[in-house]
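Chains A and B, in that order, are what the protein sequence lines are. Here the numbering used here is used: the first residue of the first sequence is 1, the next is one more, and so on. Here the numbering used here is used: the first residue of the second sequence is 322, the next is one more, and so on.
Any given hint could turn out to be false.
[Unchecked claim] Derived DSSO-like pairs (lysine-lysine); straight-line CA-CA distance at most 27 Å:
#: 1; chain 1: A; residue 1: Lys11; chain 2: A; residue 2: Lys152
#: 2; chain 1: A; residue 1: Lys232; chain 2: A; residue 2: Lys39
#: 3; chain 1: A; residue 1: Lys208; chain 2: A; residue 2: Lys242
#: 4; chain 1: A; residue 1: Lys11; chain 2: A; residue 2: Lys169
#: 5; chain 1: A; residue 1: Lys37; chain 2: A; residue 2: Lys125
#: 6; chain 1: B; residue 1: Lys446; chain 2: B; residue 2: Lys470
#: 7; chain 1: B; residue 1: Lys490; chain 2: B; residue 2: Lys345
#: 8; chain 1: A; residue 1: Lys169; chain 2: A; residue 2: Lys24
#: 9; chain 1: B; residue 1: Lys345; chain 2: B; residue 2: Lys637
#: 10; chain 1: A; residue 1: Lys232; chain 2: B; residue 2: Lys360
#: 11; chain 1: A; residue 1: Lys149; chain 2: A; residue 2: Lys232
#: 12; chain 1: A; residue 1: Lys131; chain 2: A; residue 2: Lys152
#: 13; chain 1: B; residue 1: Lys357; chain 2: A; residue 2: Lys49
#: 14; chain 1: B; residue 1: Lys418; chain 2: B; residue 2: Lys637
#: 15; chain 1: B; residue 1: Lys563; chain 2: B; residue 2: Lys529
#: 16; chain 1: A; residue 1: Lys232; chain 2: A; residue 2: Lys242
#: 17; chain 1: A; residue 1: Lys11; chain 2: A; residue 2: Lys316
#: 18; chain 1: B; residue 1: Lys345; chain 2: A; residue 2: Lys37
#: 19; chain 1: A; residue 1: Lys11; chain 2: A; residue 2: Lys131
#: 20; chain 1: B; residue 1: Lys370; chain 2: A; residue 2: Lys39
#: 21; chain 1: A; residue 1: Lys24; chain 2: A; residue 2: Lys49
#: 22; chain 1: A; residue 1: Lys232; chain 2: B; residue 2: Lys418
#: 23; chain 1: B; residue 1: Lys637; chain 2: B; residue 2: Lys370
#: 24; chain 1: A; residue 1: Lys49; chain 2: B; residue 2: Lys358
#: 25; chain 1: A; residue 1: Lys39; chain 2: B; residue 2: Lys553
#: 26; chain 1: A; residue 1: Lys97; chain 2: B; residue 2: Lys370
#: 27; chain 1: B; residue 1: Lys418; chain 2: A; residue 2: Lys49
#: 28; chain 1: B; residue 1: Lys490; chain 2: B; residue 2: Lys473
#: 29; chain 1: A; residue 1: Lys316; chain 2: A; residue 2: Lys125
#: 30; chain 1: A; residue 1: Lys316; chain 2: A; residue 2: Lys149
#: 31; chain 1: B; residue 1: Lys360; chain 2: A; residue 2: Lys49
#: 32; chain 1: B; residue 1: Lys370; chain 2: A; residue 2: Lys36
#: 33; chain 1: A; residue 1: Lys149; chain 2: A; residue 2: Lys11
#: 34; chain 1: A; residue 1: Lys24; chain 2: A; residue 2: Lys125
#: 35; chain 1: A; residue 1: Lys97; chain 2: B; residue 2: Lys553
#: 36; chain 1: B; residue 1: Lys446; chain 2: B; residue 2: Lys357
For the record, the hints were derived by calculation from the structure and aren't laboratory data.
2 protein chains.
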Amino acid sequence: MIETIFLPGIKEIIESNSPGELMKIIEEGFVWYAQKKVKVPPVGHLGFKSPPGDVHIKYGYIEGDEYYVIKIASGFYENPTVGLPPGNGMMLLFSQKTGEVLSILLDEGYLTDIRTAIAGAVAAKYLAPSKVTCIGIVGTGVQARLQLKYLKMVTDCRNVVVWGRSQVKLERFIQDPDLRQFSITGTTEIDLVTSRCNLIVTTTASRKAILSADSILPGTHITAMGADAEGKQEIDAALVAKADIVVADSIEQCIDHGDIGYAVRANLIHPDRIVALGDVVQDQRLRRMNDRQISVADLTGVAIQDIQITKYVYLKYHGRK
Amino acid sequence: MIETIFLPGIKEIIESNSPGELMKIIEEGFVWYAQKKVKVPPVGHLGFKSPPGDVHIKYGYIEGDEYYVIKIASGFYENPTVGLPPGNGMMLLFSQKTGEVLSILLDEGYLTDIRTAIAGAVAAKYLAPSKVTCIGIVGTGVQARLQLKYLKMVTDCRNVVVWGRSQVKLERFIQDPDLRQFSITGTTEIDLVTSRCNLIVTTTASRKAILSADSILPGTHITAMGADAEGKQEIDAALVAKADIVVADSIEQCIDHGDIGYAVRANLIHPDRIVALGDVVQDQRLRRMNDRQISVADLTGVAIQDIQITKYVYLKYHGRK
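The shape of chain A in the complex, shown without the other chains (with noise of 0.2 Å):
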């Protein structure tokens, strides 16, 4: 029988069970794919004019696994004008034996949202210096809400400096009840993060550097999430060059469209220099050394995320019936 899940259905099984289950698995993801255990083909995509919209299918298994995953996810920027979220999306969950359909999981582009947050927690997790003082957070969208929310598990600081183009979404932001165990500055100033803040995620859909070279402090670590398609940049390639420690959760996506790729066209750091994410978390040696060098992971999205969310979600709702 087919199991069809429905958002509510999924928000409930992802907010009742520990993040840390979630965190696990997606920390598993990563070190598989980092060990090639995970077949990953080439992202399909449809591109749409009028109105504009960009949908992407992104699939894969890991080997001699029981499933398959497919995810379907769309962005239609002008929905909104239509009383309709921009991001649209489905999982579906197969059988690698037989090839039968187990599970659709219609979760409207929930389920990217969580494992991207997800991801950004394991970066910090393995990467932030080892006393964080305040948190910086670029952007104040549903992604940089998640981001935050999920740092709570990985670091004790509470302090948040938030940076954003726009007072009335910085107000919400600070305001959000799922964040009221921060203590939170709105700014739109780039450089109050920058200054105060030696743990930054960047979240923003930004075809600029934001973050620049000489403002980060020493110690500090920076996870950008934002730019996973080309022609987006959220840090300047002279940062990623001056990094100590650089991440990628996919070397190949980080190189061809991720804010790494700036410098490693631009001849800064050889790509020989960059670890994948899958690694930091199996090998200490690969993370930082003391609490002055500078790392910098770079997060595209990667569909062992999907696949290790999709395979989650469907056994904790066999377990619930």
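Got chain A sorted already, so can you dock chain B onto it with the hints?
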């Protein structure tokens, strides 16, 4: 609200409606495809070794239409050992305006079978000689039966010679109640097909040509629909070269992995001689001039067929409620 339509519902819709309607929309689709109004990105693929399996993701849309379609089709060849059919699949229909999923058709591959059979009928409608004396069916599987069933729409001929390697399967084919309007002779000798029939449909998974150039009667039309992947072949390259008219459902695909490809790679025909099926539907000058010409139609299956049949089922289902 999302409609999930299961196989029995889809079968009922298809079987209770005029096959002429289906034929019309598939023809229309081929015309749009030939006119380059259809966006069909490269097919996505996942391959499995143990047990062996293949998953294909076909997707696309007609420019300016309301919808886009994603088809997920699988073949797990050892499924019969656990009591399951090897093929499975689903069609997903989305809004081209918002990205919302409108319908999930859990058709288990049925719609692919139907749209494939209808493409064969379209080819015969425009390419068969004016008087079909005997229909030749090469192969005894599901598609062999469906091809014959849908040929009823385009020819009055009810004499059939069916070729297969297994007497048991030939007998089952002859006894099929769906085909009781035909007078069918079974044979394991391919020459009986070629010496009697002037409309031949090949439907096998052969990897070696079954029909050769010298055996074909003048005036014969051949639809070859079995070769849909690299390494498969049903008709001789010399037969393609000998044909007066060479038609492809997709010129690109047929050169890449259809029967026509063998003739092109051997420099026996120039790609410019290949005519798109959609152009044949539209332009009488591209069809046969007389009943001595030999014509070949190579069908590899195109996403536009999936788009059209998915829309058809969705709109019919809506009409019924």
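Status of the hints after comparison with the structure:
no. : hint                : verdict
1   : A:Lys11 x A:Lys152  : holds, 19 Å
2   : A:Lys232 x A:Lys39  : holds, 26 Å
3   : A:Lys208 x A:Lys242 : holds, 18 Å
4   : A:Lys11 x A:Lys169  : holds, 24 Å
5   : A:Lys37 x A:Lys125  : holds, 23 Å
6   : B:Lys446 x B:Lys470 : holds, 14 Å
7   : B:Lys490 x B:Lys345 : violated, 32 Å
8   : A:Lys169 x A:Lys24  : violated, 32 Å
9   : B:Lys345 x B:Lys637 : holds, 15 Å
10  : A:Lys232 x B:Lys360 : holds, 26 Å
11  : A:Lys149 x A:Lys232 : holds, 24 Å
12  : A:Lys131 x A:Lys152 : holds, 14 Å
13  : B:Lys357 x A:Lys49  : holds, 16 Å
14  : B:Lys418 x B:Lys637 : holds, 21 Å
15  : B:Lys563 x B:Lys529 : holds, 18 Å
16  : A:Lys232 x A:Lys242 : holds, 20 Å
17  : A:Lys11 x A:Lys316  : holds, 12 Å
18  : B:Lys345 x A:Lys37  : violated, 47 Å
19  : A:Lys11 x A:Lys131  : violated, 32 Å
20  : B:Lys370 x A:Lys39  : holds, 12 Å
21  : A:Lys24 x A:Lys49   : violated, 40 Å
22  : A:Lys232 x B:Lys418 : holds, 24 Å
23  : B:Lys637 x B:Lys370 : violated, 39 Å
24  : A:Lys49 x B:Lys358  : holds, 14 Å
25  : A:Lys39 x B:Lys553  : holds, 26 Å
26  : A:Lys97 x B:Lys370  : holds, 10 Å
27  : B:Lys418 x A:Lys49  : holds, 10 Å
28  : B:Lys490 x B:Lys473 : holds, 22 Å
29  : A:Lys316 x A:Lys125 : holds, 25 Å
30  : A:Lys316 x A:Lys149 : holds, 22 Å
31  : B:Lys360 x A:Lys49  : holds, 12 Å
32  : B:Lys370 x A:Lys36  : holds, 16 Å
33  : A:Lys149 x A:Lys11  : holds, 15 Å
34  : A:Lys24 x A:Lys125  : holds, 12 Å
35  : A:Lys97 x B:Lys553  : holds, 24 Å
36  : B:Lys446 x B:Lys357 : holds, 23 Å
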